[in-house]
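Turn these sequences into a full structure, and let the hints steer you where they fit.
Chains as they are written, first to last, in the numbering used here: chain A, 51 to 437; chain B, 51 to 437; chain C, 58 to 316; chain D, 58 to 316.
It is worth saying that the hints were derived from the structure and are not from the lab. All of these numbers come straight from a predicted model, not from anything done at the bench. C-beta: ideal position from N, C-alpha, C; glycine also. Warning: the hint list may mix true and false statements.
Ranges of calculated distance between the beta carbons of each label pair, as one might list FRET restraints [what the hints assert, rightly or not]:
1) B/Ala230 / A/Gln97: 49 to 55 Å
2) D/Gly130 / A/His112: 55 to 61 Å
3) B/Ala427 / A/Ser81: 28 to 34 Å
4) A/Asp55 / B/Ala427: 43 to 49 Å
5) A/Lys410 / B/Val191: 43 to 49 Å
6) C/Asp199 / A/Pro409: 55 to 61 Å
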Amino acid sequence: MSSPDSRGRFGNFGGRFVPEALMPACLELESAFVEAWNDPTFVDEYQRVLREFAGRPTPVTHLERLSERLGINLYAKREDLAHTGSHKINNVIGQTLLTQRMGKHRVIAETGAGQHGVATATAAARLGLECTVYMGEVDTVRQSLNVFRMELLGATVVPVTAGSRTLKDAVNEAMREWVACVDDTHYCLGSVMGPHPFPWMVREFQSIIGREALGQMRDLGVDPPDLVVACVGGGSNAAGIFAGFANSSARLVGIEAAGGAAVAGGSPGVLHGMQSLLIQDEFGQIEEAHSISAGLDYPGIGPEHAHLAEIGRAEYHPIGDEDVLDALALLSEMEGIIPALESAHAVAWIAREAGHGIPKGSSVLLNLSGRGDKDVAQVRAMLRGES
Amino acid sequence: MSSPDSRGRFGNFGGRFVPEALMPACLELESAFVEAWNDPTFVDEYQRVLREFAGRPTPVTHLERLSERLGINLYAKREDLAHTGSHKINNVIGQTLLTQRMGKHRVIAETGAGQHGVATATAAARLGLECTVYMGEVDTVRQSLNVFRMELLGATVVPVTAGSRTLKDAVNEAMREWVACVDDTHYCLGSVMGPHPFPWMVREFQSIIGREALGQMRDLGVDPPDLVVACVGGGSNAAGIFAGFANSSARLVGIEAAGGAAVAGGSPGVLHGMQSLLIQDEFGQIEEAHSISAGLDYPGIGPEHAHLAEIGRAEYHPIGDEDVLDALALLSEMEGIIPALESAHAVAWIAREAGHGIPKGSSVLLNLSGRGDKDVAQVRAMLRGES
Amino acid sequence: MKSLESQLRGLRDAGRKALVPYFMGGLTPDWTRHVEAAVHAGADAVEIGVPFSDPMMDGVVIQGAALRALAAGTTLDSICADLERLSTSVPLVAMTYYNVFLHYGLERSAGKLQASGISGAIVPDLTIEEADGWRAACRDHDVATVFLVAPSTPPDRIRLIGAATEGFAYASARMAVTGGSSGEGAGERVVRQVRDVSTVPTYIGIGIGTPDQARAAALVSDGVIVGSALVQVILDGGGASEVEGFVRSFREAIDGPRA
Amino acid sequence: MKSLESQLRGLRDAGRKALVPYFMGGLTPDWTRHVEAAVHAGADAVEIGVPFSDPMMDGVVIQGAALRALAAGTTLDSICADLERLSTSVPLVAMTYYNVFLHYGLERSAGKLQASGISGAIVPDLTIEEADGWRAACRDHDVATVFLVAPSTPPDRIRLIGAATEGFAYASARMAVTGGSSGEGAGERVVRQVRDVSTVPTYIGIGIGTPDQARAAALVSDGVIVGSALVQVILDGGGASEVEGFVRSFREAIDGPRA
Ligand SMILES: Cc1ncc(COP(=O)(O)O)c(C=O)c1O
Ligand SMILES: Cc1ncc(COP(=O)(O)O)c(C=O)c1O
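Right, dumping it as structure tokens:
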């Protein structure tokens, strides 16, 4: 995957649509990132922290029993084993180091279910940065344990009472607050979304997933796999793993929640500082996404994904809630890995398409973006409600 | 640390105190383990699974901010990053592979809070072994999410209604059930306890922690650290890390929960198939342990630890509940790592003794045996109850 | 129709400090009567908010108003239809987020605005770098595109914005979203910086909530924009007469004691 | 006092199948009256359980009895004190877990048993490998150590146990803890295997819950041990007369029809 153009465009998508007050910060961030990313000292430190603190490299696991069941050769890149339980840590380690380098002493972040908030609070604690996390009020109630987790990590959680009081509004609110504190505060955005340079920077910080996986698959003699499959909320874990295989012959597949399928059900638009694909009504009002998994409950998709979809380099498919629970149980029972509900979307698509959209015998690399521990209470409630 | 004698004795402790019906299984297990452990094919597979499935090696993290605060040089071996969230996975990977090798198709296990149960269910799922977990009825209620987790992983959880209906009784019950199904079933014991060869075998399966840590500390230029500190329930994580440093000059320190301090407050006795130190009343009735952390809520200690205490090679100190919450918050806030309540005992001792029992400037290796996610709800409730 | 900018330059040339109240289109069924009341009370131009689901640059008051208007079924079309009822001579400036226009179609939006008598547009999430397409569409329809300048905007960027903005330059007094009143007011400095590089009228907005604030801002600029405080009056149930009183109090403060 | 083994060999030589009921010491205040009732009904020896907090070899019935006895304050001392009230001629065999004796002191425990008229001990978690210290203590006090043989015990180990056990060999009929009735009965095979290597009397226990089971077991062994079923009678509120009736029914089944 290549760098965006000078305006932060990936083809027709991307750019920078922010209040003028934030433009200097976006420009400062862009140049700080470019400079840091070209500075071996910074890159070394970023990699060292990922290795010594966050547990990288994460392994690739050959899912032997499930492979046999599905008639394909299935491998999982184990982001569930990264510190805090998902790939989110890769990005926040990068951004907090950059915050420090920019001489700022505080970060703010948005969070939906709390994964990115917990990751940000974690990375901030490690460096002694102040941290404030904006979280829709509805989510603070649904995910009160994650609120407590962030507080334990020393962060302040601010419930957002605007709009639908969920993730979308938390992003709006974080942007608003950033306007007021942009001098000493970095906005640590959680996915490959938002204004340039975020979609690019976050992809770069996540591309370690793909780089590791490429080498690991080579070591396993699968070079490249026939398919690389990842779930897509904003799209950071997908972008991270795709980055390793974009120049290969692998089919790149992103799986969106059916209730937030910006590629299958969206249209071009501008939200949260970026031009991309969004689900919106006929007047351009953004619709609320609805998914069983909080991390995919986002009405948009990162601009680079919109571009990859447009040029046909990657394909994006929706998966409905009903298939996700089954997939979660399947992976748990067959392989001893309880996936995050988000990641279970990718599992569900693979399980459904094996032998159909995925020819028998294919080698498939699944990005297991996170662990399901955070979701177990919800899954239990849903299974009980259903049965 | 050396092998036990032919009766499974570490000095005055250990041995094999089981119903005669189980003797053949214990003997079979001993010889199967000895044979497997000397078979490079087995050891390779065990190591491969730990690497590719469980995420080993886990890193050693230099806790920079806490080091500075405490005036020591503090490092953490990050078992919290192992699959399922603690060191327990190391042991169950070994035992389930051994189960398969012995031609058995089923495992049973005891569990307290559920960590070992979840780990066992995980490893069993990976191999397609049947799995039944015995869990005190009180604990199935307290830790109902872990019950569901095990069920998701395909295991059957049996509530134990005998006795105090907690961990101690779950072990009794698992032993009883093992009598009835010993032909096709392996008892996958969760710590360095029970009849020979369990204490030895589990230590061997956990010694990968110490072997890794030794090399990692060398790479960090700390060879050896002045102290190696681990929490002790049965003592498997402590035994695992001690194994790497027993032949070094490092002080080995085990931290028990004050309410289950078998070294500080116990006396020699026989329970669960082993001779060791136990907390018991004047008539040899075993007392219930009481700890904030379910994993340390055990009235005994592994026999090798009793031996190390007796010969003075390791020291064991109790830490009370009240210090544990503070330590958990300290590590969370200063380093972005929420430790398990069990591991927080070791943190608490280090925080208390830095500059006192631990001379300023010492290098200290903490075994961070598990992550605190499982405990967050409990910690919140306790902090709210207090404030 | 005269262009927005020539009208506003005319005001300045006449020595009149512009007072620009903000209304959320569709907030109440009779919202156009509020506009009329404001004009009656001395407004020189009116900003008309077209509600958007995700108003990133707005504080709680205007957010609330937008949600209420949306819930009432407000759309760009309905606002434009409502405007047919409005008879006023002052310039109207639409304020909304880029997606509303983008989704409606840039060309179609600009045409719609023009047809409804709107001669300018403020799109706070549309920066000069991304505005080419929109400006081209506006040019064909005599719609001015107003850009903002923030306290954080560096001089070289102010030069670009000063050159790009049409109608007036919107000088944000604060590093804040609408309604924000905390932080230091930097309106005077921002206006001065714009004037250094451009002759466009420069109005201060963001955080002008009281007549006193308006007077102070008007002293150092060419006009003031009053948004959240006025919208709050309407959210609190105020009707045309409250609006008129509110706007009049600002007018009087700006114009100074008559006596 | 004659040794346990000579007494039990004597029974066998006399052609009598031994009936050995089990009582949990301290289960009720009058538990020794239950023992007497059993003897009255034809028990040839009595097993007396000393309750332990963690009875790994016991099923729910005896676990429950142990906990109840412990809650009532039962200790090795209290049981021995109670036994002073007991007047009976049949041998008494203590049954408990190793920790009870270990903690009390091996020597002291053996002495205590002897002083209370107990001539044997069954310690189900004490295997022959670990028993040296205990046996040495017992030897000094004429206390026999009874070992168990399980269906899973291999022939070479049966040989060792056959040589080590004193008083009798306890042949477990099942791979189960006390009270266990599921699984195949293997008592007959186990007894045969013990007899192949030893002349010690061999009794079948574990899962003997009905007179019919007792009769069948007695046909192929030298005696039967009845535990959980009898303890259940007492847990259900049965007194001395129920105990007597229960034991008598087993006695009659074992001895066969009198008529
Ligand atoms: C485990 C996991 N996977 C995926 C996502 C979706 O984010 P993204 O699409 O940026 O990877 C989240 C977001 O919270 C997550 O927690
Ligand atoms: C995280 C953690 N640490 C420590 C322990 C105690 O076990 P051990 O002493 O065997 O390491 C447990 C047991 O559940 C645990 O979960």
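**Request:** State the violated hints by number, sorted upward, taking the hints as numbered earlier in the document.
**Result:** Violated hint: only 3; rest satisfied.
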